[in-house]
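Enquirer: Chains A and B, in that order, give the protein sequences. What the first sequence shows, in the working numbering, is residues 1 to 302, in sequence order. What the second sequence shows, in the working numbering, is residues 1 to 302, in sequence order.
Derived from the structure by calculation, the hints contain no laboratory data. The C-beta atom is built at its ideal place from N, Cα and C for all residues, glycine as well. Hints are supplied without guarantee of correctness; some may be wrong.
Chain B regions said to be covered by chain A (calculated; three or more residues, Cβ under 8 Å) [unchecked claim]:
| # | region |
| --- | --- |
| 1 | 251–259 |
| 2 | 289–297 |
From chain B, some residues computed to sit far from chain A (all C-beta separations above 10 Å) [what the hints assert, rightly or not]:
| # | residue |
| --- | --- |
| 3 | 72 |
| 4 | 95 |
| 5 | 109 |
| 6 | 114 |
| 7 | 121 |
| 8 | 146 |
| 9 | 195 |
| 10 | 267 |
| 11 | 272 |
There are 2 protein chains.
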Amino acid sequence: MTWLTLGLVQQDCTTDAEQNRQASATKIKELAAQGAQLVLLQELHAGLYFCQTENTECFEQAEDIEQGASRRFFEALAAELDLTLVVSLFEKRAPGLYHNTALVFDGLAGYKGLYRKMHIPDDPAFYEKFYFTPGDASPKDPLAGFRPIETRHGKLGVLVCWDQWYPEAARLMALAGADLLLYPTAIGWDPNDTAEEKQRQLDAWMLVQRGHAVANGLPVIVANRVGHEASQDPNASGIDFWGNSFVAGPQGELLAWANHQEPCQLLVELDLKRSEEVRRIWPFLRDRRVDAYGNLTERFLP
Amino acid sequence: MTWLTLGLVQQDCTTDAEQNRQASATKIKELAAQGAQLVLLQELHAGLYFCQTENTECFEQAEDIEQGASRRFFEALAAELDLTLVVSLFEKRAPGLYHNTALVFDGLAGYKGLYRKMHIPDDPAFYEKFYFTPGDASPKDPLAGFRPIETRHGKLGVLVCWDQWYPEAARLMALAGADLLLYPTAIGWDPNDTAEEKQRQLDAWMLVQRGHAVANGLPVIVANRVGHEASQDPNASGIDFWGNSFVAGPQGELLAWANHQEPCQLLVELDLKRSEEVRRIWPFLRDRRVDAYGNLTERFLP
Chain A
1 MTWLTLGLVQ QDCTTDAEQN RQASATKIKE LAAQGAQLVL LQELHAGLYF
51 CQTENTECFE QAEDIEQGAS RRFFEALAAE LDLTLVVSLF EKRAPGLYHN
101 TALVFDGLAG YKGLYRKMHI PDDPAFYEKF YFTPGDASPK DPLAGFRPIE
151 TRHGKLGVLV CWDQWYPEAA RLMALAGADL LLYPTAIGWD PNDTAEEKQR
201 QLDAWMLVQR GHAVANGLPV IVANRVGHEA SQDPNASGID FWGNSFVAGP
251 QGELLAWANH QEPCQLLVEL DLKRSEEVRR IWPFLRDRRV DAYGNLTERF
301 LP
Chain B
1 MTWLTLGLVQ QDCTTDAEQN RQASATKIKE LAAQGAQLVL LQELHAGLYF
51 CQTENTECFE QAEDIEQGAS RRFFEALAAE LDLTLVVSLF EKRAPGLYHN
101 TALVFDGLAG YKGLYRKMHI PDDPAFYEKF YFTPGDASPK DPLAGFRPIE
151 TRHGKLGVLV CWDQWYPEAA RLMALAGADL LLYPTAIGWD PNDTAEEKQR
201 QLDAWMLVQR GHAVANGLPV IVANRVGHEA SQDPNASGID FWGNSFVAGP
251 QGELLAWANH QEPCQLLVEL DLKRSEEVRR IWPFLRDRRV DAYGNLTERF
301 LP
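Just chain A, same shape as in the assembly (with noise of 0.2 Å):
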């Protein structure tokens, strides 16, 4: 197996779980009909991006991840079609523990795996640290977290949004043998801020994600929401989600986007061997100085 051919869906969302959900299902049989054997979605893709107020009604759209509507519908989904899905949803884990939870699911071998969100953003509209636990560091996870989700098509490094910013969590999916790195995103501007600092913002997203790729080597796949979302907030201006979705190959090179305005799928045939190919010409793993990153667990070091 050298090839996969890859599916993304960017999507814009309702109030309604089950009609995203079977928004979410047209797309990705669209995407298996043309060959999609993985297919990525975007953060938190069975409703309205809930976190731009701090409200405890929300909690009520929390899911079971065993018994929970997206887990039944998804691992069905995914052995109807027979393809790998990786899911994002709003997970209850017990009363007053929730989490940003990813779920993988491995055609007819079913659920995989999970991947708790373990960087938690907290910004104007963007409240996260109200709802979601951090993802567990527990000492005794020798991967504190970042584990690989293992599949028949390689080890899924999954990871969510706020994550992306993060170099070390991209690095530590690397070390443990992730084959691709997976952002299922909601990220978008303010709609009060400048055309410049939009294009500022956006660039910077795709930078360092791209970067992720070429420090490890290794394809990233983000699929993003889209569309404007107001505020339960009379005095707020809502978010304009910024689609762009995109696939980069191991050097950073864009081999598909999406665009900002709309919902969309892509379909990207990858080639699994140019990880290998590319590690050989820039063999970062070997050089790494882990002698001397022994700081990199300290917050702040003057």
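Given the structure of chain A, go ahead and fit chain B onto it with the hints provided.
Expert: What follows is chain B alone, placed relative to chain A:
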């Protein structure tokens, strides 16, 4: 002090070290006359890039960092022009112990510190492991080799060439308080590569470094060598050093960039307030999972 006028010099070189130093000085003086307060030179600017082959005679080019010609020349020049200067040289530390070293001179205050390249490449035409001992990561040094150099224009996170592919190096400098990241560089194309591969390599090189700017909310300044240099190996094709020296702001935005074919200099007004502004809207340092990064000191994990 919120604005810094920054210069960098992109050169081609000859076999004559004194001639190369004079060429650097001419450009530095031009930049100083235009108001430059801080100037960065490219990697190993006193000579040709000798690492294209492994030849014991090349060790003759190495210099003492206290008494060598480059030290004396550039320290005097920085004092004469009263500017901050980042230079690069082949250091002879002891018989059989050589480094690829950057020195910083701060105007009349003179020598302020050094950085010894921590990551050393070795691939065809870049046989640096033969020449350069990697910089120390002594357990006695709390910063393990990644120590910013304090000047009146801020703490300079000086790194060198191959270091530029390592997010760990950029992060450690940022955690140690660096205000700017600076990369003296000598990178180029294998003339036999296809145009597509050359473009991917150049793009990757800019991407990963602009990514460091984004991930750390810091400006990145890169001075690269330019021009073709033949190899001493008659079967080798030499290197087309690709220039493209550049300055990026703390969102990775390109503020200035050079051509790929000719010596030149860049002069940039850098708004030092911008890092603080960017780090407030994107507080990546706040959310680092220092409890989960311990495996970054491992070579590989599966």
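Enquirer: Each hint needs a verdict: does it hold in this structure or not?
Expert: Hint check results:
With a cut-off of 8 Å between beta carbons, the region 251–259 of chain B has 3 residues touching chain A; three or more are needed, and the interface restraint holds. Note: the region 289–297 of chain B has 9 residues with beta-carbon separation from chain A under 8 Å; the three-residue rule is met and the coverage holds. Residue-level check passed: residue 72 of chain B sits 31 Å from the nearest beta carbon of chain A, beyond 10 Å. Look at residue 95 of chain B: its CB is around 24 Å from the nearest CB on chain A, clear of 10 Å, so calling it non-interface holds up.
With a cut of 10 Å on Cβ distances, residue 109 of chain B stays outside the contact zone with chain A, its closest approach being about 20 Å. Listed as a non-interface residue, residue 114 of chain B keeps its Cβ farther than 10 Å from every Cβ of chain A; the least gap is roughly 16 Å. Listed as outside the interface, residue 121 of chain B is inconsistent with that label: its C-beta sits roughly 7 Å from the nearest C-beta of chain A, within the 10 Å cut-off. Distance check on residue 146 of chain B: its Cβ comes as close as 7 Å (rounded) to a Cβ of chain A, failing to clear the 10 Å threshold; non-interface status is violated.
Distance to chain A confirms residue 195 of chain B as a non-interface residue, since its nearest Cβ pair spans about 13 Å, more than 10 Å. With a least beta-carbon separation of about 22 Å from chain A, residue 267 of chain B lies farther than 10 Å from that chain, consistent with its non-interface assignment. A cut-off of 10 Å between C-beta atoms confirms that residue 272 of chain B is not in contact with chain A; the least separation is 17 Å.
This entry does not satisfy hints 7, 8, going by the numbered hints stated previously.
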